[in-house]
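Colleague: Residue strings, one per chain:
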Amino acid sequence: METVRKRRKPVAEINVVPYIDVMLVLLIVFMVTAPLLTQGLIVELPQASSEPLEVDENAETLVISITADEQYFISLGSTQQEDQSAVAIDVIGDQVSRIVGANPQIQVFVEGDGQSSYSSFISLMTVLQAAGVASPNLITKPLE
Amino acid sequence: MEAAALATTVFYFDFDVSEFMASDRDVLAIHGRNLAANSSRRIRLEGHADERGTREYNLALGERRANSIRDYLVVNGASLSQIETVSYGEERPADTGQTEASYRLNRRVEIK
Amino acid sequence: MIKTLRNLAALALLLAQSVMAAELNIEITQGVDNPIPIAVVPFSWEGANALSEDVAAIVAADLQQVGEFRALPRGNMLSMPDEAAEVFFRDWRILAQDYVLVGKISHSPGSQLVQVQYEFFDVAREQKLVGEVLTGSMSQLRDIGHEISNVVYEQVTGIRGAFSTEILYVSAEFMSPELTYYRIEKSDYDGRRSQVLVESQEPLMSPTWSPDGSQVAYLSFETNLPRIYIQEIATGQRRQITDFPGINSSPVWSPDGTKLAMVLSKDGSPDVYVMDLMTNQLTRLTDHPRAETEPSWSADSRSVVFTSDRTGQPQIYQVGINGGFPERLTFDCFYCAKGRFLPDGKNLVHVRRDTREDNSYSIAIFNIETQRLITLTDTSLDESPSVAPNGSMIMFATKVNGKGVLDAVSIDGRVKFRLPSAQGDVREPSWSPFLN
Chain A
1 METVRKRRKP VAEINVVPYI DVMLVLLIVF MVTAPLLTQG LIVELPQASS EPLEVDENAE
61 TLVISITADE QYFISLGSTQ QEDQSAVAID VIGDQVSRIV GANPQIQVFV EGDGQSSYSS
121 FISLMTVLQA AGVASPNLIT KPLE
Chain B
1 MEAAALATTV FYFDFDVSEF MASDRDVLAI HGRNLAANSS RRIRLEGHAD ERGTREYNLA
61 LGERRANSIR DYLVVNGASL SQIETVSYGE ERPADTGQTE ASYRLNRRVE IK
Chain C
1 MIKTLRNLAA LALLLAQSVM AAELNIEITQ GVDNPIPIAV VPFSWEGANA LSEDVAAIVA
61 ADLQQVGEFR ALPRGNMLSM PDEAAEVFFR DWRILAQDYV LVGKISHSPG SQLVQVQYEF
121 FDVAREQKLV GEVLTGSMSQ LRDIGHEISN VVYEQVTGIR GAFSTEILYV SAEFMSPELT
181 YYRIEKSDYD GRRSQVLVES QEPLMSPTWS PDGSQVAYLS FETNLPRIYI QEIATGQRRQ
241 ITDFPGINSS PVWSPDGTKL AMVLSKDGSP DVYVMDLMTN QLTRLTDHPR AETEPSWSAD
301 SRSVVFTSDR TGQPQIYQVG INGGFPERLT FDCFYCAKGR FLPDGKNLVH VRRDTREDNS
361 YSIAIFNIET QRLITLTDTS LDESPSVAPN GSMIMFATKV NGKGVLDAVS IDGRVKFRLP
421 SAQGDVREPS WSPFLN
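Residue numbers (our numbering), protein chains in the order written: chain A, 1 to 144; chain B, 1 to 112; chain C, 1 to 436.
It is worth saying that the hints were derived from the structure and are not from the lab.
Just so it is clear, CB atoms sit at the ideal spot from N, CA and C, and this is done for glycine as well.
Treat the hints with care, since some could be wrong.
Non-contacting residues of chain A with respect to chain C, defined by C-beta distances greater than 12 Å in every case (computed) [stated by the list, open to error]:
{"#": "1", "residue": "Q47"}
{"#": "2", "residue": "T61"}
{"#": "3", "residue": "S75"}
{"#": "4", "residue": "L76"}
{"#": "5", "residue": "T79"}
{"#": "6", "residue": "V100"}
{"#": "7", "residue": "G101"}
{"#": "8", "residue": "A102"}
{"#": "9", "residue": "P104"}
{"#": "10", "residue": "S119"}
{"#": "11", "residue": "M125"}
{"#": "12", "residue": "T126"}
{"#": "13", "residue": "K141"}
Heads up, simulated DSS-like pairs for lysine-lysine below, C-alpha to C-alpha not over 30 Å straight-line [stated by the list, open to error]:
{"#": "14", "chain 1": "B", "residue 1": "K112", "chain 2": "C", "residue 2": "K186"}
{"#": "15", "chain 1": "C", "residue 1": "K186", "chain 2": "C", "residue 2": "K399"}
{"#": "16", "chain 1": "C", "residue 1": "K399", "chain 2": "C", "residue 2": "K259"}
{"#": "17", "chain 1": "C", "residue 1": "K104", "chain 2": "C", "residue 2": "K128"}
{"#": "18", "chain 1": "C", "residue 1": "K399", "chain 2": "C", "residue 2": "K416"}
{"#": "19", "chain 1": "B", "residue 1": "K112", "chain 2": "C", "residue 2": "K259"}
Residues of chain C clear of chain A, computed beta-carbon distances all greater than 12 Å [said to hold, decoys possible]:
{"#": "20", "residue": "A39"}
{"#": "21", "residue": "A57"}
{"#": "22", "residue": "S79"}
{"#": "23", "residue": "E83"}
{"#": "24", "residue": "R90"}
{"#": "25", "residue": "D91"}
{"#": "26", "residue": "W92"}
{"#": "27", "residue": "R93"}
{"#": "28", "residue": "I94"}
{"#": "29", "residue": "S137"}
{"#": "30", "residue": "K186"}
{"#": "31", "residue": "D212"}
{"#": "32", "residue": "G320"}
{"#": "33", "residue": "S380"}
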């Protein structure tokens, strides 16, 4: 009977895990805030110390915004800034339910201005739930 | 006996078999002798198949069944010129069901 | 370590994001299990009265029928653009669509005609792939729809669409035990717009197209004997081609249109012959005391495939156009018949019953080089396979609840559709060549 024994060598390798994690956090934060800039809406996001979201960057996402003056915007239609206009909340509900029907994997983001009211936020969440979005992703600004 | 035999004009076949059944031999012999005795009599043998398998192959099968009976009539004295054969393949089922019992009724040769 | 790798992969994905966006959706046709999502937006119409045809619905139905596409329901559309300026690609991406087709229908200036302008877009690339204006009469809107389907299908798959093709088939309407109406009918490939070409109280069989699509050959028992006729489709003018003793059956045009292969039993048993249509001269291809039938031509017109039961049960053989010793093509089946090659000359479509015990007839494809067998259907009385001119689908006849119906199956067996059922039994479909 012959036994073969593996010899272990010491591992001489830098552990890069922490560095990559840090970079990922930075990138995702940048990515999630990016639509904000293109949208041209003035939304002062509340700050929170939350875990960054996993975002599938290959899929188109849907962003619904609440401005400080309680108006709703949705990232549909023309992408030109001058074409952006506020959308009634029931229209948003209708549009989202069409989208979810065609694309159940759609990622929905909600960005509310820190100055907008809690009730406008709850109204939107109610409409989204009815449209089939159980848990929309909430966008916040990381703590400075 | 002879009248009863001559009144039998439909003969059935087993699946994928083109030779008539042995039990029909005596009746067919009487048909053959009747033709021999009545040289002016003309008959038509219509061969049929059940619906299983392809239509054009079933046309061939129906003809072969009709020919098997024709040949036996000739052996018994009938003249070839008295007999016309035609095959309808599976185009004219006697029974339109999809059971083995229906298929049995469709695999046939009719004397007309 | 696994976590590191996953993070690295995610990192690479993020960094490459801008580069990949341009390349991501180029070859989607590989996803055989996932139909390609396409939005066919209702075409706008400037007229006051509603049109008789919904052109966009025709296109959507065409594309869905062949199985490679899934059309977005109209209720899920966020907008109904009818031209490029109104197409917002982001919206269609949010709806997970790969392609968008839009169009508008308007009166053609100074005539009774209408013009249909359509544009077809690749959503991922934000690019118009094709756009044109088709003009026709109101009654041609369905043809225009099929033509647009052809273009869309070819843009996406690279294969010529067969949506403008037609089929011939036989219908039998049982009135009483003494009276059945047999008809040879012609319709669009999807069973629409059927018209009767021949009607008889005696059986009709084996309708088949001339290669130019202008004539049909068929078998009629109208003289109480099976005889072959050729009929001009446009004029209805017809002539009897054969009057030989015994079976005259199974007419099939040679691909060059000059000859008709057929089966005659004038010499004792059914054998395959070829008739030169110019000289009416017959050439005998097979000579065997058993049954030889169901000829079909190879694409190069140089050989004929046929069914023979010379070994007891039907099997498929091939013989050169000058006769000679036939080569047997099928072995491991109880019943293999009605063979015809796909355009590649290697894949043999046929009717197959595997064993005596299974008692079920299916449509199958057997590759004579690799010996690979694909059984395409799972109904039990399938027969008369006929291949679409683009080789993508096979139409065949089967029985459902005792009634003859026409089904189609894609050559990979993935997609099946059934034609809307007509009056009575329908059978023996024959798919036309390309007609345009």
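Colleague: Next step is simple, just say for each hint if it's right about the structure.
Modeller: These are the hints, each one checked on the structure:
1. Q47: holds, 24 Å
2. T61: The assertion about T61 of chain A is violated, with a minimum of 8 Å to chain C.
3. S75: violated, 7 Å
4. L76: Given a closest Cβ separation of 5 Å, the condition is violated.
5. T79: violated, 6 Å
6. V100: Violated, since 9 Å does not exceed 12 Å.
7. G101: Answer for G101 of chain A: violated, closest chain C Cβ roughly 5 Å.
8. A102: Not fine: 4 Å to the nearest Cβ puts A102 of chain A too close to chain C.
9. P104: Incorrect as stated: the minimum Cβ-Cβ distance to chain C is 9 Å, not above 12 Å.
10. S119: holds, 27 Å
11. M125: holds, 20 Å
12. T126: holds, 21 Å
13. K141: The claim holds: K141 of chain A sits with its nearest Cβ about 20 Å from chain C, beyond 12 Å.
14. B:K112 x C:K186: Given that 30 Å is the threshold and the Cα spacing comes to 35 Å, the pair is violated.
15. C:K186 x C:K399: This hinted pair holds, its Cα atoms lying about 20 Å apart.
16. C:K399 x C:K259: Given that 30 Å is the threshold and the Cα spacing comes to 33 Å, the pair is violated.
17. C:K104 x C:K128: Measuring from Cα to Cα gives roughly 16 Å; hence the hint holds.
18. C:K399 x C:K416: holds, 15 Å
19. B:K112 x C:K259: violated, 36 Å
20. A39: A39 of chain C is in fact no farther than 12 Å from some Cβ atom of chain A, at 9 Å.
21. A57: A57 of chain C is indeed farther than 12 Å from all Cβ atoms of chain A, at 18 Å.
22. S79: At about 7 Å from chain A, S79 of chain C fails to clear the 12 Å cut-off, so the statement is violated.
23. E83: Label holds. Min Cβ-Cβ 15 Å, cutoff 12 Å.
24. R90: violated, 6 Å
25. D91: violated, 5 Å
26. W92: The assertion about W92 of chain C is violated, with a minimum of 9 Å to chain A.
27. R93: About 4 Å separates R93 of chain C from the closest Cβ of chain A, which leaves it inside 12 Å; violated.
28. I94: violated, 5 Å
29. S137: The claim stands: S137 of chain C keeps its Cβ more than 12 Å from every Cβ of chain A (closest is about 35 Å).
30. K186: holds, 38 Å
31. D212: D212 of chain C is indeed farther than 12 Å from all Cβ atoms of chain A, at 44 Å.
32. G320: G320 of chain C is indeed farther than 12 Å from all Cβ atoms of chain A, at 56 Å.
33. S380: holds, 38 Å
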